Amino acid sequence: MKTSAFISTLLCTVTGLSLSSAVYAVDEINALVWCDHTDPEFIEPFEKANNVKVNLKEFEGTGAALSIIEQSQPGDWDVLVVDGVDVPRLVKAGILGQMPAEALPLDDFFPELLMEDKHVHDGKLYAVTELFGYNTIAFDRTRVDPQDMTDMTVLWSDKYKGRIALYDWYLPMIGLVSMGLGKETASLSVDDLPEIRDTLFKLKENTAQVTDVVASQTVLATGEVDILFGGGEWLTAVLSEEMPDLDWVLPEQGGLRWSQSVGVFADAGNPEMALKFVQYIVSPAGQAALATSSCYWAMPANRQTAELLTAQQKSALRWDEQVEYLSRAQLYPEPGGELDEAMQDLWNEMLQQ
Amino acid sequence: MRRQAGSWLSGFYLLLMYGFIYLPVTVLVLFSFQGGRFPILPFNGPSLKWYRQVLADSKLTDAMFNSLLVAVCSSFLAVILGFLAAFALARFSLPARALQRALLTAPLTVSYLIIGLGLLIMFNMLGVGRSLWTVGVGHVVINAPLCFAIIYSQMGAHQVNVERAARDLGASLVTTVWLVTLPMMMPSVMASFFLSMTFSWDEFIIAFLLSRFDVTLPVEIWSLLRSGLNPKTNAAGSLVFLVSVIFIVLMELLVFRRIKRG
Amino acid sequence: MRDKLSREHEVRAWRFVLPALLWTLIFFVMPFGFMVVMSLWDRIDNVIVRTWNLNQYREFLLKPYYWQALVNSLQLTVTVTLVSLVLAYPLAWIIAMRVPERWQRLALLLAIIPFWTSYVVRSYAWLLILARNGLLNKALLATGLVDLPLEIAATRYATVTGFVHFFVMLLTLTIYANLKQLSPNHVRAAADLGAGPVRCFLHITLPLTLPGIMVGAFLTFVLCIGDYITPQILGGGNELVLPQVIMMQISRRADFPSAAALSIVLMLVVSLVYLLCARWLRLERAR
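Sequence lines, in order, name chains D, V and A. Here the first sequence stands for residues 1 to 353, where the numbers follow the working numbering. Here the second sequence stands for residues 1001 to 1262, where the numbers follow the working numbering. Here the third sequence stands for residues 2001 to 2287, where the numbers follow the working numbering.
Derived by calculation from the structure, the hints in this document are not laboratory data. None of the values given here were measured: they were computed from a predicted structure. Note that CB positions come from ideal geometry on N, CA and C, so glycine has one too. Heads up, a few of these hints could be off.
With the C-beta cut set under 8 Å, the calculated list includes, among others, these residues of chain V facing chain A [what the hints assert, rightly or not]: (1) Y1022; (2) L1048; (3) M1125.
Here are the simulated distance ranges between beta carbons [said to hold, decoys possible]: (4) W1008(V) to Y2057(A): 53 to 61 Å; (5) L2141(A) to L1015(V): 44 to 52 Å; (6) V2047(A) to L1055(V): 43 to 51 Å; (7) L2141(A) to D158(D): 20 to 28 Å; (8) L1016(V) to S157(D): 39 to 47 Å; (9) W2280(A) to W1178(V): 56 to 64 Å; (10) L2141(A) to F1020(V): 16 to 24 Å; (11) R1052(V) to E70(D): 36 to 44 Å; (12) P1042(V) to V2047(A): 31 to 39 Å; (13) E70(D) to M2097(A): 22 to 30 Å.
Pairs of lysine-lysine residues, derived as DSS-like cross-links and limited to a Cα-Cα distance of at most 30 Å, are as follows [stated by the list, open to error]: (14) K159(D) to K183(D); (15) K183(D) to K92(D); (16) K92(D) to K124(D); (17) K161(D) to K2063(A); (18) K57(D) to K1059(V); (19) K159(D) to K2138(A); (20) K314(D) to K48(D); (21) K53(D) to K1059(V); (22) K1059(V) to K276(D); (23) K92(D) to K204(D); (24) K1049(V) to K276(D); (25) K1049(V) to K1059(V); (26) K48(D) to K276(D); (27) K204(D) to K2180(A); (28) K161(D) to K2138(A); (29) K202(D) to K1059(V); (30) K314(D) to K1049(V); (31) K314(D) to K2063(A); (32) K1049(V) to K48(D); (33) K159(D) to K57(D); (34) K2063(A) to K183(D); (35) K202(D) to K2180(A); (36) K204(D) to K161(D); (37) K2138(A) to K1049(V); (38) K57(D) to K1049(V).
Build the full structure now, drawing on both the sequences and the hints.
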């Protein structure tokens, strides 16, 4: 039959194609990562230099990572990227393994980003910060009064009703709202939730959309909304060349600092290559590629990266203002089991309003 | 007079609905040539740079190959299972036929999300790793009932006599099925095969839940949408469209023409 | 008509049907069993606790946003099904009755072709059209039909539009197939007896195409209520439907017990609708 001949020819051609691309990878590591690590400009130099294939799996949120890990066999995963504040949980659960501190350029790091209380346990290093940035207010300078943006509470007044989008991740958003209410993110309790809830619901009335990372970039860039609450350099910097009017600011209430840490699994199948990968990530070259990835940009933790970034890239990341910003930012809330559950419920309820 | 007004109205409605049906794909193709990064007017271009990027993206071309592989293999298996079951249930009076039919077609009434989630939970609990194999299993689950229903509905009484004649001439049951029933049922077998391929090719949620590193095209496009703002998505979508249209035209010329003649 | 079956025949017949039956049992019925079991467990502090309880179902009843998701799903699906039917029926009728016979196949093929783009991309393309600065608003503003851009993207209207687009095609196909099976004699007879075209349609054509309508409507219902992509891309996170909540349980919290319980609720709803439509959905063989 002609069809089968046709299909088998097609198959052979395509198989030939895909085989040729898979031939030269010998070693492999498996990494659970955020979307910035999937940029070929970041990953390919490492793969070529070490003759290794890096298999990447993206996930959202530490809860999801934990479940992926739970369903895996020991040795399945080598490298994990995770929220800095969640590292202690993972160390306690025995998921992350020790890393030799002397193999990593920790002296070059911004001191605030060493985060020893999170990364070091019993004098042993389990993770290092790779990137950080802020969840705060991003906006289009030509459409809103930049002066207004220095006060977070304007977002839950009626002034910009219908022109706001919210970043769809409960922890930073609840953290931000609580800072707007004058609370400390580190000491939130169930008693704070009613007030946060009222504010969130008022905010939702002013909100046009609730968006994930890329949708946040899209709606702000295409003029769908004028303000993105929860945005920061991760939103505007990647667009800074085409869209110089997009801006972000730490309001007087401050902003929320996020950071992503990287570590090696305690039961990694390929620990040497995994450590090499971590070394690449925190090296200036790896940091520069990651800091300006196609998914989002963020501040590198390694200060030496400055030399590899252009002036335009540094200004989009606010390199020179970091000292002031670091001092005015708070960290993500770190709710335990029940409070975490309550916060997620609160966020979902808000979505349904 | 009234007749004329009616046909005017019909023509207008046809035009309107076809306009609606073609709107997204037109916009997609248009913006795939957009020179800038943002899918909004004003239009600057035309530019082919996003097509170049798509073709250079080995993840996308790999995903396309994976999709094709899963679609062909799972549809093949689905058709075999569906055909054999349809034959048995149409020709023999097995006990509990109604129940068997109901069981075999039950997956048609269940959302893909639930089928995918069920398989995911089962594979997790049994320690079966996720791969293209598991995606293929899921696609057979959704397509086998479809193949069964299509082939079963076309198994009329008129083929029975031919089959019986073959048996009377001494052909074994397997020979009869292979040389008599299958060729007679070829139109519906082919139709269900290509329908299965279409569904598998474009299926997202099962492939999303059941795949790991090797993903199918819809899943790759989804992660493309979620990993950076770029019009590569438009170019990828337009390319998929082009490939599919070429595929349909080929099928039309190579397969369905022959079936009609035969 | 049918072969008298000897014992030996029956054994052979089983051999033909067994692969499909086993496949369905192992990969369809069994996973469902696992899902039921999972829904009766609990997840505390990111660990699945294997003790039997009904907590997940209790939560569904207690948490208003779960309920709201079900209500949203039902409202959305019913709207989509009705709108699609109203748009598709005339289209199918025109193709079947007014378009010359030899063009009909082409007309149907033309209606299907745009759906050979990836459906993830198709939903996304609607976003380009419906956005505040999208093509529709640009066109409306340019022609002066509106003064302010319409807010369609990120609302339920956008989701409905994306769904209706697909289901109009699907329903047109099923209704067309049904219309073609109608004998023109019925309508002619009614016309001879003095019925006007409207009465002919209401009393003859419509009831005779009801099976096709119901099959199409049920398909629309099942596919629409279980879809995640379209509301996720077009809905803008302003309201959640059940599949979105289910996916959120999996991808954000890895809460499989709760996702399983919600899926079972979704399945119950679909089963209920199936029972309501069952009399039209019988699988029949060609005569």
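Flag every earlier hint the structure violates by its number, smallest first. As far as the earlier hints go, 2, 5, 9, 12, 13, 23, 24, 27, 29, 31, 33 and 35 are violated by this structure, in ascending order.
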